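Novice: Chain residues, written in single-letter form:
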Amino acid sequence: MMNPATNAVSDAPVSFHPASSPDYVPREQLCGLQSRRLRQVVGRAYEHVALFRQRMHKLGLTPADIRGVDDIRMLPFTTKADLSDAYPIGMLTVPIQQIVHLHPTSGITGRPIVVGYTRRDLESWTEVIVRCLASCGIHQGDVVQNACGYNLFIDGLGLHYGAETLGATVIPISGGDTDHQIMVMKDFSVSAICCTPSYFMYLVEKAEKLGIDLRELPLRAGAFVTDSWSDAMRRRIEESAGIKAYDIYGLPEIIGPGIGAECCHQNGLHIFEDHFYPEIVDPESGDLLGDGEEGELVLTTLNREAMPLIRYRTPDLAAIIAEPCQCGRTMRRIRRIARRGGEMCVVEGVSVFPSQIEAALMTVEGALPNYQIVLTQEKGLDRVEVQIEVTARIISDQIGAMEGLQSKLADEIEHSLGIRVPVRLVEPHTIGRSSDGNKRVVDRRAN
Amino acid sequence: MRIPQLSLFVENQPGHLTLPCKLLAEAEINIVTLSLADTRQFGILRLIVREWQRAQEVLEAAGLVVAVTEVLAIEVHDRPGGLVELLGIFEQAGINVEYTYAFTARLGNRAVLVFRFNDLDAAISALTRAGINPVSPISLYDHLEEE
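Chains as they are written, first to last, in the working numbering: chain V, 1 to 447; chain C, 1 to 147.
The hints are simulated quantities; they were obtained by calculation from the structure and are not laboratory data. From a predicted model like this one, the values you see are computed outputs, not experimental measurements. We put the CB at the ideal spot given by N, CA and C, even for glycine. A hint or two may mislead.
[Stated by the list, open to error] Listed next, with one range per pair, are the computed distances between beta-carbon atoms: (1) C:40 x V:415: 23 to 29 Å; (2) V:422 x C:81: 40 to 46 Å; (3) C:83 x V:385: 39 to 45 Å; (4) C:4 x V:112: 42 to 48 Å; (5) V:81 x C:63: 43 to 49 Å; (6) C:83 x V:401: 21 to 27 Å; (7) C:119 x V:184: 53 to 59 Å; (8) V:401 x C:133: 28 to 34 Å.
[To be verified] Examples of chain V residues lying across from chain C (beta carbon under 7 Å, computed): (9) 390; (10) 392; (11) 395; (12) 396; (13) 397; (14) 399; (15) 411; (16) 424; (17) 425; (18) 428.
[What the hints assert, rightly or not] Not close to chain C: a few residues of chain V, all C-beta gaps over 12 Å, as computed: (19) 47; (20) 72; (21) 180; (22) 277; (23) 290.
Take these sequences, add in the hints, and give me the full structure.
Specialist: Set out below in structure tokens:
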């Protein structure tokens, strides 16, 4: 076992990492870079993405009309539905041979999308993750436990690339097997962790049960991804583990994690504006909103090769903080308000998509029953329950048959998600009559 | 001989049993007998009613989901060993009793039980071979509802 005392790097004062230098470029210089990159990316999308070209034509635009970053508001939006419509390769701007990483993923609507990366995209991704981690005070010499999933979800891989390039020692432990996670954390004097906030709370809970006080371990920083969290949850994480908990922002469609990150002031997330141009629009009208106003976050990838996205409407509500940050970064910050609609939750560190649950229900019942996914929170952890209305087709006079159906549904969902989720049979016509309306996903998590 | 039984899904929560019972009461349908099988989350309410088709319509019109299953009503000597004799017949024929419950009233000195079998036809022939005639629905309702 390592002696934590030799692990002095963790306690070193926050130093400047060379990879962070783009975070501090003067605004005028940044603006020039953004304009140049926007022209390139628009030209590229126009040339290769039929959908984008058609939309430009409808608006009477050609790439030549986009001279600088201020012209971005003239451009058409891209939505997640567009990505599904263009599936599998309609959004890609390069032949598949030039794609080094192809990431098919499930959409919230149950329709598949795919995200592609060229070699240069992976380099850009790695660069922004390095900047994220550096911004969270994670440096060379840190031992980083990467408890983000590596397979189905993109977070694990991106953070791995970044932490490795940063010069940290990466433990690619991925999600699950919590006891082992805690042992590793202890035995290797882990100083930083990457995971979701809810999975971390789960780790804290498990550690407590094992009689381990995380505050006494060298763990110092957490770079948290994926789900949104409340200030109360952040405080609980920081207090229960004696760490600083930082928010990292990402979206698989855009690049994965790495769009922005908090700095040591933990007051909003700096968006890496040389790569991603943020706008806030009115979710209804699509009109541009001013600084500080709450609205839908729209992102344009300024430097993506394989799959540039122009004015992509994210599922997030946010506001731009225009005031400069005390840290000195020139990158503007966003304040994240919420992820809309509760499309996704994280249970035991596993991201849950309604589409996966729907697919499992379809498998068992042959058709989609009237169902609801109810999200709740217990001790800061997300819980999910699938409620299914009993229909004439599934009703039986035998308890065994009903219970058999219930466990078959749970088995199939487990097969699809990798975790077991409780299934509750409910009376007919009860779903959609409550105050929750007719939503498939009902979010009762306190936030 | 075969008696239709209605089964309803009810959540295991206060008040949830009331609705189907109230619907039948309003339609002036008498419940001859019933049983409630329960789990922690839900129950299956099984009902024997005379006008089962009308009852089914009433319940379904209110949005409830009804399963109709055929069961047998069988007389049993109301004395020690009475039930064992009967069960022996099914055991020998390799027929499984899925569940059973009783009628509240008796036929003479005999109790009447509802039986749900995994194989109804096999159960009927086993009973016939043993010289036992399941109670016909008409005589059952006539007799039981008189009391």
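Novice: If a hint holds in the structure, say so; if it doesn't, say that too.
Specialist: Here's how the hints hold up against the structure:
As the Cβ distance of residue 40 of chain C to residue 415 of chain V is approximately 24 Å, the hint placing it in 23 to 29 Å holds. Judged by the Cβ atoms, the range 40 to 46 Å given for residue 422 of chain V and residue 81 of chain C holds: they are separated by roughly 45 Å. For the hinted restraint 39 to 45 Å between residue 83 of chain C and residue 385 of chain V, the CB-CB distance of approximately 41 Å keeps it satisfied. Between residue 4 of chain C and residue 112 of chain V the C-beta distance comes to about 47 Å, which sits within the given range of 42 to 48 Å.
About 34 Å separates the C-beta atoms of residue 81 of chain V and residue 63 of chain C, a value inconsistent with the hinted range of 43 to 49 Å. For the pair residue 83 of chain C and residue 401 of chain V, the beta carbons lie near 25 Å from each other, so the given range of 21 to 27 Å is met. At roughly 57 Å, the beta-carbon separation of residue 119 of chain C and residue 184 of chain V lies within the given 53 to 59 Å, and the hint holds. Checked against the given bound of 28 to 34 Å, the beta carbons of residue 401 of chain V and residue 133 of chain C, roughly 29 Å apart, stay inside it.
With 7 Å as the threshold, the beta carbon of residue 390 of chain V comes within range of chain C, its nearest partner Cβ sitting at about 4 Å, so the hint holds. Hint status for residue 392 of chain V relative to chain C: holds, with the closest Cβ pair at about 5 Å, below 7 Å. The restraint placing residue 395 of chain V at the interface with chain C holds, with a minimum CB-CB distance near 4 Å, inside the 7 Å limit. The beta carbon of residue 396 of chain V is positioned within 7 Å of a beta carbon in chain C (closest approach about 6 Å), and the interface hint is therefore held.
Because the beta carbon of residue 397 of chain V sits about 4 Å from the nearest beta carbon in chain C, less than 7 Å, this interface hint is met. Residue-level restraint check for residue 399 of chain V holds (minimum Cβ-Cβ distance to chain C is 5 Å; threshold 7 Å). Restraint check, residue 411 of chain V versus chain C: the minimum CB separation of about 17 Å is more than 7 Å; hint violated. Hint on residue 424 of chain V holds. Least Cβ distance to chain C is approximately 6 Å, under the 7 Å limit.
About 6 Å separates the beta-carbon of residue 425 of chain V from the nearest beta-carbon of chain C, less than 7 Å, and the hint is met. For residue 428 of chain V, the interface hint holds, the least distance from its beta-carbon to any beta-carbon of chain C being 5 Å, beneath 7 Å. In this structure residue 47 of chain V is separated from chain C by more than 12 Å, as the shortest Cβ-Cβ distance comes to about 56 Å. Residue 72 of chain V, annotated as away from the interface, keeps every beta carbon of chain C farther than 12 Å; the closest lies near 52 Å.
Consistency note on residue 180 of chain V: stated as away from chain C, and its beta-carbon is indeed over 12 Å from all of that chain's, at 33 Å minimum. Chain C leaves residue 277 of chain V outside its interface by the beta-carbon criterion, the shortest separation being 50 Å against a cut-off of 12 Å. Listed as outside the interface, residue 290 of chain V is consistent with that label: its C-beta sits roughly 49 Å from the nearest C-beta of chain C, beyond the 12 Å cut-off.
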